[in-house]
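*Asks:* Spelled out, the chains give:
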Amino acid sequence: MAVGIVFVSHSPKIAEGLVDLASQMASSARLIAAGGTDEGGIGTSFDTVSSAIERADSGDGVVVLCDLGSAILTAETALDFLDDELKERVRIADAPLVEGGVAAAVAAEGGAELADVLAAAESARGSA
Amino acid sequence: MAVGIVFVSHSPKIAEGLVDLASQMASSARLIAAGGTDEGGIGTSFDTVSSAIERADSGDGVVVLCDLGSAILTAETALDFLDDELKERVRIADAPLVEGGVAAAVAAEGGAELADVLAAAESARGSA
Amino acid sequence: MALGTGWVVDWVRASAEVVKEHRTELVRLDREIGDGDHGENLDRGFSAVVAKLDGIEADATPGAVLKLVATTLISTVGGASGPLLGTAYLKGAGAAGAATELDADALVAVLTAARDGVVLRGKAESGDKTMVDAWTPAVDAAAAARDAGGSEAEVLAAAADAAEAGAAATEPWVARKGRASYLGERAIGHRDPGAQSSSLILRAAADTAAAQTAAATEG
Amino acid sequence: MALGTGWVVDWVRASAEVVKEHRTELVRLDREIGDGDHGENLDRGFSAVVAKLDGIEADATPGAVLKLVATTLISTVGGASGPLLGTAYLKGAGAAGAATELDADALVAVLTAARDGVVLRGKAESGDKTMVDAWTPAVDAAAAARDAGGSEAEVLAAAADAAEAGAAATEPWVARKGRASYLGERAIGHRDPGAQSSSLILRAAADTAAAQTAAATEG
Ligand SMILES: Nc1ncnc2c1ncn2[C@@H]1O[C@H](COP(=O)(O)OP(=O)(O)O)[C@@H](O)[C@H]1O
Ligand SMILES: Nc1ncnc2c1ncn2[C@@H]1O[C@H](COP(=O)(O)OP(=O)(O)O)[C@@H](O)[C@H]1O
Ligand SMILES: [Mg+2]
Ligand SMILES: [Mg+2]
Ligand SMILES: [Mg+2]
Ligand SMILES: [Mg+2]
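Chains as they are written, first to last, in our numbering: chain A, 1 to 128; chain B, 1001 to 1128; chain C, 2001 to 2219; chain D, 3001 to 3219.
A portion of the hints provided could be inaccurate.
Unchecked claim - With a straight-line Cα cutoff of 20 Å, these simulated EDC-like cross-link-like pairs (lysine to aspartate or glutamate) come out: (1) C:2123 - A:60; (2) C:2067 - C:2101; (3) D:3123 - B:1016; (4) C:2123 - A:76; (5) D:3177 - B:1076; (6) C:2052 - C:2040.
Read the hints as simulated data drawn from the structure, not as lab findings.
Extracted from the complex, chain A is given alone in its bound form:
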C-alpha cells in the first residue's frame, strides 16, 4: 500500500505528461491524471477528479495537486462529496503542480505516509 497522487490540471495533456514524467522517478507509485473537461477540453471535471481520487486511494490516502485556482475549487468540491472515511485521508497540496507532483510521487514511492507526501509536495520548488 502507498499514498496515491492525483494531478488535477485544466489540460489533459499536462496531467498525462506529468504522470509520464513522475513515473520515471516513481515507477510503482499510484499516479492518476485528472485533466480537462468531460469533453476533453480545457477545464476541470468534477467527475474525473472524484473518480481519480477514488482510484488513487488504496487505504493510505491521497494527495491532490492542482494547476490553477478553479482546479482547486473543483477538487475541494469533489472532497465534499466523498465518503467521510475516504475524505479524511485526502489532502489538497498547496504546491506547484509539476514540481510538487514529482516530489510527492518520489516520496510516495518511498513509502512515506500521507503527511510526509504532502510535506514533500509543499516544500518542492523544483530547481534541484
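Given chain A's structure and the hints, the job is docking chains B, C and D with the ligands onto it.
*Replies:* Frame of chain A; chains B, C and D with the ligands shown alone:
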C-alpha cells in the same frame, strides 16, 4: 511586439498542454513549447530549446520556464550558445512551470516588458 | 404569495434561457479578464439542468430542485463558476429544507445560504471583483425588503436590482480572486463575468416570481 | 610522452565503448536514485560522437576534437549529464587551445577546466553526490602526479584511480543536487550514476594513454 515565452519540460505533453492552457488567457502571446527529447521521449533537447528561444523572440526578449533541474541546465547551455545580442534579452525564470508560465503569458499579453514578465512568473504561486 | 416548486422550476428554466441569450456577452466579458469560457460554461451547465427537470418527481420540494441544480452545475460547468454556483445552490437547498413553499423569510434564508456557499468555496471578500459582489448586495437588499414587509416578489426584485448594481460596480476594480487577478490594473474597466451572470440569474428569479404572482392574482 | 589528436580520438572511442559496455549498470544506478536513463543518455551521446569522428579534419587539434565531443553531447544526451559533460569538454577544449600535443601540464589544465565547467554549469559542491565527486579528486590527483614529475600516462592513471575512489565514496551520502536530491535518506547506499560514468571515462583516458605510450616505446 511583445515578450515571448518558452516552456521547457521533460514531457512534450506538458509543454504543449501549457501552451493550450496559457493561450486561453493570453491568446495573442508568443508561447512556444519545448518539451521532450529529439525522439519525442521524456527528457530535454538542446536543439528544441535553442530554436524555441529564437522563435519566441521578436526583439523584446524571452522568458524561459523549466520543469526540473536538468531542464534548467539545458536552457542555460542553450543560452550560452545564442548570439550575444539575443542572449542579452533572455531570462530563465526561477518559477514553477505551469503557475509561473500562465502568469508570465498574461503579463506578456498585456505588453509588459521583459523584467516585468519575469517578475510575474517569479511571483506566481498559482492559487488565485 | 409564498413560492413553491413550480416557481423554482420556472426560475431554473428562465435562468437557462437568459444565460443562453447572454452567452456571447458573458464570453466577451470573460475573454477580457479571464479565459473566455464563462458563457459556454454556464450555458452547458444550465442546459444540462433543464434536461433533468422533466425527471423530477411530482411532489419534489423547492429544496430538492435546488439540490438537483447544484449537483448538475457541479458536474457539467467545467470552470470555477461550477463549484461556486453549485455550492450556492446546495447551501440554498439546505436552507430551504423540506419546506414546500418559500415565504419572504425563507427566500432571504435561501439567498443568504447561497451567498455563504460562494464565500465558503471561493474565499472571496466583497470588493475582490467576483460574483460575491453581486450576491452580497442582493442578500442585503432582500433582507431589507423583507424587513420592510415586502412580498416574495418584492424581496426578489430588490435582490435583482442590487445584484445588477453590484455587478456594474465591479468595473473600476482590480481583481483579487479568480483568473482576473492575474491581470492587475488591466482588469480595470471590465465587469466581472461571474457577477454579471449572477445578476442575470437573480433577475430571472424576480421576473418569474412576479409572473407567478400576477398569474395568481388574475386567476 | 605528450599526447596528440590520435590519443584524444582513441580516448573518445574507448569512452563510447566503455559506456556501451556499462550501459545497463548505469541505467540500474540511475533507476535506484534517479530516472533510470543515464546509461541510455550517455550511450546515445557517445555513439553520436563516434559517428562524427570520421568527419574530422586530418590536422584537427586535440582541442578541436574535444569541442566536437562537447557540442555533440550537448545536442544528443537529453539529460542533465549532457549539458554537464558537454560544458566539461567545452571548457577542456578551451584549456587545450590550439596546442597540437598535450603534456602533463596541459592535461592537468584540461582536466581542471573540465571540472570547473561541470561546477559552473551545475553549481554542485564536493559531497553533493554528483559527478563532481569523481572529477575533483581526479583533478587533485592529476595535479599531484604532475607535481611529482609523473608522465602524461601517469597523470591520467592517477586521475582515473582517484575518480574511481571518488565515485565509490558517494555511496553512503545523501544527494544535494540533481534528481537524487528528491530521495533524501533513501539515496544512501547507492553510488551516483554520473560519478560512476565520469570515472569510467577517465579510466578510458588513462588506458588509451598507457596503450599509446607502450606502442611508442615498442615502436
Ligand atoms: N475564488 C472565487 N470566489 C468567488 N468567485 C470566483 C472566484 N474565482 C472565480 N470566481 C468567479 O468565477 C467567474 C469565472 O467563472 P468561469 O469563467 O466559469 O470559470 P474559470 O475562471 O475557471 O474559467 C469569475 O468571473 C468570478 O466571478
Ligand atoms: N547540478 C548538478 N551538478 C553536477 N552533477 C549533476 C547535477 N545534476 C545532475 N548531475 C549528475 O547527472 C547525473 C544524472 O545524469 P542523467 O541521468 O543523464 O540526467 P537526468 O537526471 O536528467 O536524467 C547524476 O548522477 C549526477 O552525477
Ligand atoms: Mg472562464
Ligand atoms: Mg475556464
Ligand atoms: Mg537520469
Ligand atoms: Mg533523465
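*Asks:* Taking 20 Å as the top limit, are the C-alpha atoms of residue 3177 of chain D and residue 1076 of chain B close enough?
*Replies:* The hint holds at about 16 Å.
*Asks:* Hinted pair, alpha-carbon criterion (20 Å max): residue 2123 of chain C, residue 76 of chain A. Please report holds or violated.
*Replies:* holds, 12 Å
*Asks:* For the pair supplied as a hint, residue 2067 of chain C and residue 2101 of chain C, confirm whether the alpha-carbon distance does not exceed 20 Å.
*Replies:* holds, 15 Å
*Asks:* Under the criterion that the straight-line Cα-Cα distance not exceed 20 Å, is the pair residue 2123 of chain C, residue 60 of chain A satisfied?
*Replies:* At roughly 29 Å apart (the allowed maximum being 20 Å), residue 60 of chain A and residue 2123 of chain C break the hint.
*Asks:* Check whether the Cα positions of residue 2052 of chain C and residue 2040 of chain C lie no farther apart than 20 Å.
*Replies:* holds, 19 Å
*Asks:* Given the proposed pairing of residue 3123 of chain D with residue 1016 of chain B, does the C-alpha separation stay at or below 20 Å?
*Replies:* violated, 30 Å
This entry does not satisfy hints 1, 3, going by the numbered hints stated previously.
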